[in-house]
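Using the sequences plus the hints, can you model the full thing?
If you want the building blocks of each chain, they are given just below.
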Amino acid sequence: MTAVSLRHISRRFGEHLAVRDLNLDIDSGELVAFLGPSGCGKTTTLRMITGLIEPTSGDVLFDGESVLSTPTERRGAVMVFQKHLLFPTMNVAQNVGFGLKMAKVSKDEAAQRVEDILDLVDLPGLEHRKAHELSGGQQQRVALARALVVRPKVLLLDEPLANLDANLRITMRHLIRSIQKELGITAIFVTHDQEEAVMLADRVALMFDGVLQQVGAPDEFFRAPRTTGIARFFRNGNFLRGRRQGSIVRTDVGDIEIAPGSTNGRDGPTVLTVRPEEVQLVTKDTPQDNVVPAVVTSLIYMGSHSQLTVTIGDTPWQIHAPAAFRASNGDTIQIRLPRDHVSIVSDDDDTVAEQSGAAPPNQTTIA
Amino acid sequence: MTDAPMTVRRIRNGLKIPLMLAPALGLVVLLFGGGILVGLGQSLGYFPAIGLTDFTFENYTTVLTDRNFLMSLWLTFRIAFITTVLSSVFAIAFTLVLREKFAGSKITTFLFQVPLPVPHLVAASGIILLITQSGLIARIATAAGLMETPADFPALVFDKGGVAIILSFLWKEIPFVGLVVLAILQSVGPQYEEQARTLGANARQRFRYVLLPLIMPGVMSTSIIVFAFTFANYEIPLLLGVRFPSTLPVVAFRQYQDPDLALRPQAMAISIVLAVVAMLLLIAYRRLAKAAVK
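Residue numbers (the working numbering), protein chains in the order written: chain A, 1 to 367; chain B, 1001 to 1294.
Hints are not guaranteed to be accurate.
Unchecked claim - With a straight-line Cα cutoff of 30 Å, these simulated DSS-like cross-link-like pairs (lysine-lysine) come out:
| no. | chain 1 | residue 1 | chain 2 | residue 2 |
| --- | --- | --- | --- | --- |
| 1 | B | K1290 | A | K83 |
| 2 | A | K153 | A | K130 |
| 3 | B | K1016 | A | K130 |
| 4 | A | K101 | A | K130 |
| 5 | A | K83 | B | K1160 |
| 6 | B | K1290 | A | K101 |
| 7 | A | K153 | A | K104 |
| 8 | A | K153 | A | K181 |
| 9 | A | K83 | A | K101 |
| 10 | A | K107 | B | K1290 |
| 11 | A | K101 | A | K181 |
| 12 | A | K83 | A | K107 |
| 13 | A | K104 | A | K181 |
| 14 | A | K104 | B | K1290 |
| 15 | A | K130 | A | K107 |
Said to hold, decoys possible - Some chain A residues near chain B, calculated using beta-carbon distances under 10 Å:
| no. | residue |
| --- | --- |
| 16 | R74 |
| 17 | M79 |
| 18 | L85 |
| 19 | F98 |
By construction, these hints were calculated from the structure, which means they are not laboratory data. Cβ coordinates follow ideal geometry from the N, Cα and C atoms, glycine included.
Spelled out as structure tokens, the structure:
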């Protein structure tokens, strides 16, 4: 049970600043997901916590004490990699017992702990198999057991499920989550999959281009994304420009009322957003607040719902319509932006009107 | 009725691969096996050209009870064994350094591999020029005032311990083993060691428990080649060794070349013993090394 603090850490590779002035406190027993597109610096941050690479500047603290001068092998930050990296010359029991052997734990105790941990990851009886005789999911579970058996201060998981198929990934997420809670281990999980981050983590730390963008509970990224880039990363490309006056945003298509408590941003030019699944379709006859006209540009049947694309003014929006919804391209419909689901985002690029869909933000080069 | 062509086709398909391999296999069997068979025959006393047709083990008993033969066998074994172990150890040590990136690592790696295409004869001549008592090192040391005359330099060439022979073998074989080890290290990458490191393994443990088992199969197969080669090599011991005791290949060749054809069966017995001993030693070495990394 160890709390991890990252204080102003940066890492430079030649000209490239891979991580920039990152600050984060991770509570003891907490599971934090580092989320971001590939190359955003999340793995680099993880490697700085293990000590496999040194930060160019800043400090890494375990329980308030700097660990920068402690070599990786004595830091107690154990990594599980994307590839299982089971030692090919050893069987399952030898692999799992590796860390205990390095720590010179007695043979009897080691054997007992290996057995217990294999039970915990639901792999009893496979002690004598070699790595190549296991399935992908089993291999990754052995890798997890090998990390857990040494009772790490911090468990670091670097996209450990990326090589598994979709169903197995979901099973493994549940397994990791339940074991992490059961053992109360502080854990950091790196992923580029926002669904995985949301399912697993107590808190999500979103990174773009080496910079921490937003840290918070998973639902905050849906309810109140801080910027357009963050909203877009969470598959919300619905943006409307306007001018804010108190709890009203004046747009070209009408005034939109926002929740009075909304504190993100202040009066003046602003951008508002509503997630595709929160936008409501209404009829003309039922007068309601926050209703704006929209023109249908496409409607795709998705099974559980229909993906409706409209333009509001000249801005494209995505809406989750009921599966049975029918409309033709060019139809003008009325949509409602429910007050409690309108959030204000700061505009981190000036191309909101041209953006569509849920593509991650353009990478900007850091000088 | 339709069975007959089917069977023919099946036989034809079954024979396809052996037939395709036949030319190469034939060459090996004829040249190598034939040679061994003739040698075996002569060593057992079947040598019709000089009127010998009765099989006998006499040549083997003569050879195996000959003190000179046993001395040569021991010398040959010692040279091959030391060369094999040292070239493996040095190759591993060098490649551990060479796989790191440092200023000039490319040119160093290139220099490391320079001896590979150089013939053994050239290596032997180089060693003679360098470390005989009239060689370059002795002269430089004398000029620098470290010794009074070049003759004070220790007799490393034409010495009874075979130091010069081992040195010139090492010069050739270290890069050979190193090439294989380097290729393995590069394909494995640093990941397993990083994994071991986060699991608490220090540098020594990472080498012992992670790296060594990964590179050992490669080291084994190349060092078997090194052993077999140095055990049977003829030109380097001939050029750099003392006249007595000589290594077995030199003794065998000398007897083979002797105008007295009656010595030929003994030469063949020596060669056959050489081959059998080499084979047995290789098996033993393989077992030992496998047990060592477990």
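Hints, verified against the model:
For the hint pairing K1290/B with K83/A, the CA-to-CA distance comes to about 28 Å; that is within 30 Å, so the pair holds. With a C-alpha separation of about 28 Å, the suggested pairing of K153/A with K130/A holds against the 30 Å cut-off. Between the alpha carbons of K1016/B and K130/A the distance comes to roughly 37 Å, so the proposed pair goes past 30 Å and is violated. Annotation: proposed proximity of K101/A to K130/A holds, straight-line Cα distance about 18 Å (limit 30 Å).
Between K83/A and K1160/B the CA atoms are separated by roughly 54 Å; this puts the pair beyond 30 Å, and the hint is violated. A distance of roughly 21 Å separates the Cα atoms of K1290/B and K101/A; the hinted pair therefore holds under the 30 Å criterion. For the hint pairing K153/A with K104/A, the CA-to-CA distance comes to about 18 Å; that is within 30 Å, so the pair holds. This hinted pair checks out: K153/A and K181/A have alpha carbons roughly 14 Å apart, not beyond 30 Å.
About 22 Å separates the Cα atoms of K83/A and K101/A, which keeps this hinted pair within 30 Å; it holds. For a cut-off of 30 Å, the pair hint linking K107/A to K1290/B stands: about 23 Å separates their Cα positions. Between K101/A and K181/A, the direct Cα distance comes to roughly 26 Å. Compliance with the 30 Å bound is thereby established for this hinted pair. Under the criterion of a C-alpha separation no larger than 30 Å, the hint pairing K83/A with K107/A is consistent with the structure, at around 28 Å.
Our distance criterion of 30 Å between C-alpha atoms is met by K104/A and K181/A, whose separation comes to about 28 Å. Proposed proximity of K104/A and K1290/B is supported: the alpha carbons are some 24 Å apart, at most 30 Å. Of the supplied pair hints, the one linking K130/A and K107/A holds, its CA atoms being roughly 20 Å apart against a limit of 30 Å. About 7 Å separates the beta-carbon of R74/A from the nearest beta-carbon of chain B, less than 10 Å, and the hint is met.
For M79/A, the interface hint holds, since its Cβ comes within 10 Å of a Cβ in chain B; the closest pair sits about 4 Å apart. Look at L85/A: its Cβ gets to within about 5 Å of chain B, closer than 10 Å, so that hint holds up. Taking 10 Å as the C-beta cut-off, the interface hint given for F98/A holds, the closest approach to chain B being about 6 Å.
In the structure shown, a violation is registered for the earlier hints numbered 3, 5, in ascending order.
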